[in-house]
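The residues making up each chain are set out below.
Protein chains: 2
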Amino acid sequence: MTSVQYDVLGIGNAIVDVIAQTEEDFLVKHRMQKGTMALIDEARAAQIYAAMGPTIESSGGSAANTIVGVASFGARAAFVGKVKKDTLGDVFAHDIRAAGVAFETRPATDGPSTARCYVLITPDGERTMNTYLGAAQNLHPRDIDPNMIGRAAITYLEGYLWDPRDAKDAFVKAAKAAHDAGRKVALTLSDAFCVDRYRAEFLDLMRKGTVDIVFANEGELKSLYETADFHAAIGQLRNDARFAVVTRSEQGCVVVTAGSVTPVPAFPIDRLVDTTGAGDLFAAGFLVGLAHGSDHTTCGKFAALAAAEVIQHVGARPQQSLKALATANGLRA
Amino acid sequence: MTSVQYDVLGIGNAIVDVIAQTEEDFLVKHRMQKGTMALIDEARAAQIYAAMGPTIESSGGSAANTIVGVASFGARAAFVGKVKKDTLGDVFAHDIRAAGVAFETRPATDGPSTARCYVLITPDGERTMNTYLGAAQNLHPRDIDPNMIGRAAITYLEGYLWDPRDAKDAFVKAAKAAHDAGRKVALTLSDAFCVDRYRAEFLDLMRKGTVDIVFANEGELKSLYETADFHAAIGQLRNDARFAVVTRSEQGCVVVTAGSVTPVPAFPIDRLVDTTGAGDLFAAGFLVGLAHGSDHTTCGKFAALAAAEVIQHVGARPQQSLKALATANGLRA
Chain A
1 MTSVQYDVLG IGNAIVDVIA QTEEDFLVKH RMQKGTMALI DEARAAQIYA AMGPTIESSG
61 GSAANTIVGV ASFGARAAFV GKVKKDTLGD VFAHDIRAAG VAFETRPATD GPSTARCYVL
121 ITPDGERTMN TYLGAAQNLH PRDIDPNMIG RAAITYLEGY LWDPRDAKDA FVKAAKAAHD
181 AGRKVALTLS DAFCVDRYRA EFLDLMRKGT VDIVFANEGE LKSLYETADF HAAIGQLRND
241 ARFAVVTRSE QGCVVVTAGS VTPVPAFPID RLVDTTGAGD LFAAGFLVGL AHGSDHTTCG
301 KFAALAAAEV IQHVGARPQQ SLKALATANG LRA
Chain B
1 MTSVQYDVLG IGNAIVDVIA QTEEDFLVKH RMQKGTMALI DEARAAQIYA AMGPTIESSG
61 GSAANTIVGV ASFGARAAFV GKVKKDTLGD VFAHDIRAAG VAFETRPATD GPSTARCYVL
121 ITPDGERTMN TYLGAAQNLH PRDIDPNMIG RAAITYLEGY LWDPRDAKDA FVKAAKAAHD
181 AGRKVALTLS DAFCVDRYRA EFLDLMRKGT VDIVFANEGE LKSLYETADF HAAIGQLRND
241 ARFAVVTRSE QGCVVVTAGS VTPVPAFPID RLVDTTGAGD LFAAGFLVGL AHGSDHTTCG
301 KFAALAAAEV IQHVGARPQQ SLKALATANG LRA
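Residue numbers (our numbering), protein chains in the order written: chain A, 1 to 333; chain B, 1 to 333.
Chain A with its partners taken away, still in its complex shape (with noise of 0.2 Å):
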């Protein structure tokens, strides 16, 4: 068995955020459901931007953000995701190998521009997620590496890989590399539309053992289950999966196993600012918990103190180490 190099390996759609503050009524005016993710094409990306609000640009990309919260934590990681060789594909990978994690994959010369995210932060904090998955889509089997993935103790892999076309194949070939090498397998939902989308391939790969680990937020739990029964859900998802977490916003997260049903409360904020990267972090500080095969309350501390500081600003990704302030908190590993 090869040694462990990185704590935390990610799969995931490599994208810039582009991010406004809006009203409501934008959301109303531009047919946008609150709260949720929507694949855009390029003349409604552009029809967006150019009714927005000024504009931050912040690297993103849900698997992505994870990754560097989990380097920030002071854990190795690794990144696969795919970019254009152009001025946001540059910002992209100037962003993650910045926070200190390993990034190679190949980024296309041609094709379609680097993917964008247009996220319209509404008062109450709350975010709404317009994407273009531009060169993102073009992420191949090919970009995967069997022996990458098989020094990675955890891959971690996003629900929105399903969405660009061959992902889904590299996807498949990355978790069957991690098993052949004895690792873990981690999915997260993603987002309720997803899930709608592609249930039946979701709850497959949870009963296959495709996954060892899921993450979901109540309403892509609900989604999933079709349910509006959050406890009847969560009885269906510990015949599913063998291990999975799920995060009710204020309320904290669920630890489940066949076996155990842990809640672990949220972390204190002083402002919501901003929603935006908050289950993204979350997992950070879940994957990091467990890579250093810490118990299940002090994985979901982890996780409930990364999504904490995320959200008291704007974007996706920390902007204080999370190793400095775990220790602040008294959170060893």
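Careful, some of the hints might be misleading.
Computed, partial: chain B to chain A, Cβ under 8 Å [as the list claims (entries may be wrong)]:
1. Ser58
2. Pro265
3. Arg317
With a straight-line Cα cutoff of 25 Å, these simulated SDA-like cross-link-like pairs (lysine to any residue) come out [claimed, not checked]:
4. A:Lys184 to A:His94
5. B:Lys34 to A:Ser321
6. A:Lys85 to B:Thr109
7. B:Lys29 to A:His94
8. B:Lys85 to B:Gly74
9. A:Lys85 to B:Lys34
10. A:Lys173 to A:Asn138
11. A:Lys85 to B:Ala43
The calculated label-pair distances, taken between Cβ atoms and stated as ranges, are [unchecked claim]:
12. B:Asp25 to A:Thr257: 54 to 60 Å
13. A:Lys29 to B:Glu24: 45 to 51 Å
14. B:Arg44 to A:Thr262: 25 to 31 Å
15. A:Lys29 to B:Arg31: 49 to 55 Å
16. A:Asp145 to B:Ala324: 48 to 54 Å
17. A:Arg271 to B:Gly330: 18 to 24 Å
18. A:Thr257 to B:Lys85: 52 to 58 Å
19. B:Gly330 to A:Arg248: 36 to 42 Å
20. A:Thr109 to B:Pro268: 18 to 24 Å
Don't read these hints as lab results, they were simulated from the structure. All C-beta atoms, glycine included, are put in the ideal place defined by N, C-alpha and C.
Start from chain A and add chain B according to the hints.
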């Protein structure tokens, strides 16, 4: 006399900020003078960017930030500055127009890329800036439309315009157009090192009445008169400037005329995050007050409120409506 179409028209370097949090030792290692702006060439820009941590991109430029602040107060605003027709140039143009500012300067189609400022924020919230002027160097007197200038109650110019080759001539042309139309001209001294580069010329602009209103911080004022004695500098300023406002960070500001020195306190804040844009937004509030004919103390309160908003988050432009903030704080022009 033509009617007033803009309360404030700003002319300055059109720049996109590339912002990272950093530790003090980064500044030492890269030989940066904390709290100041250094001009850098493309090679140095590449070197600094490669060494910087993860960044956020946000439209900037001193006068541009001020003008966006003016618009955020609900006043009528216009900006003149040069970008290239490239990704960051498009971002700059989008952001300033989305803020409600008239921006019609023709972008360069060749030559250097859109200007970037690499901003390093230390844990104390202070910012240290490195500017690659790029396309901003191509601002030319032909970009100045005297008719447009004549329709602005106040034309606001940044001292930084003395750096690009042709912008100085554009500055002088604009000041003349404003005075020919019976309007006011305001100048910010921009930066202590900028003052050091152009001390004699800035004093000449003030003494000859090319500018009617001067904005400076304490460091710039001391640099202007090459003294460490604040009160002595104020004494000299009263002889040289018709009207001046000197900011003193948390000590607020003093409004200076030949016959009066009026102190106005700073606005209280919860947490200092990033001082980038503090002076720019201070000027915005003050100019809005002046454009509405408010008394000096009221102008100073608008200014202090806008500065307080921008230093409580990362980035040099307001993240909430300054008009709404003013109303919430009982301020009316």
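Note to self: Could you work out which of the previously given hints the structure breaks and list their numbers from low to high?
What the structure shows: Hints 2, 4, 8, 9, 12, 14 and 20 are the ones this structure does not satisfy, whereas the remaining hints hold.
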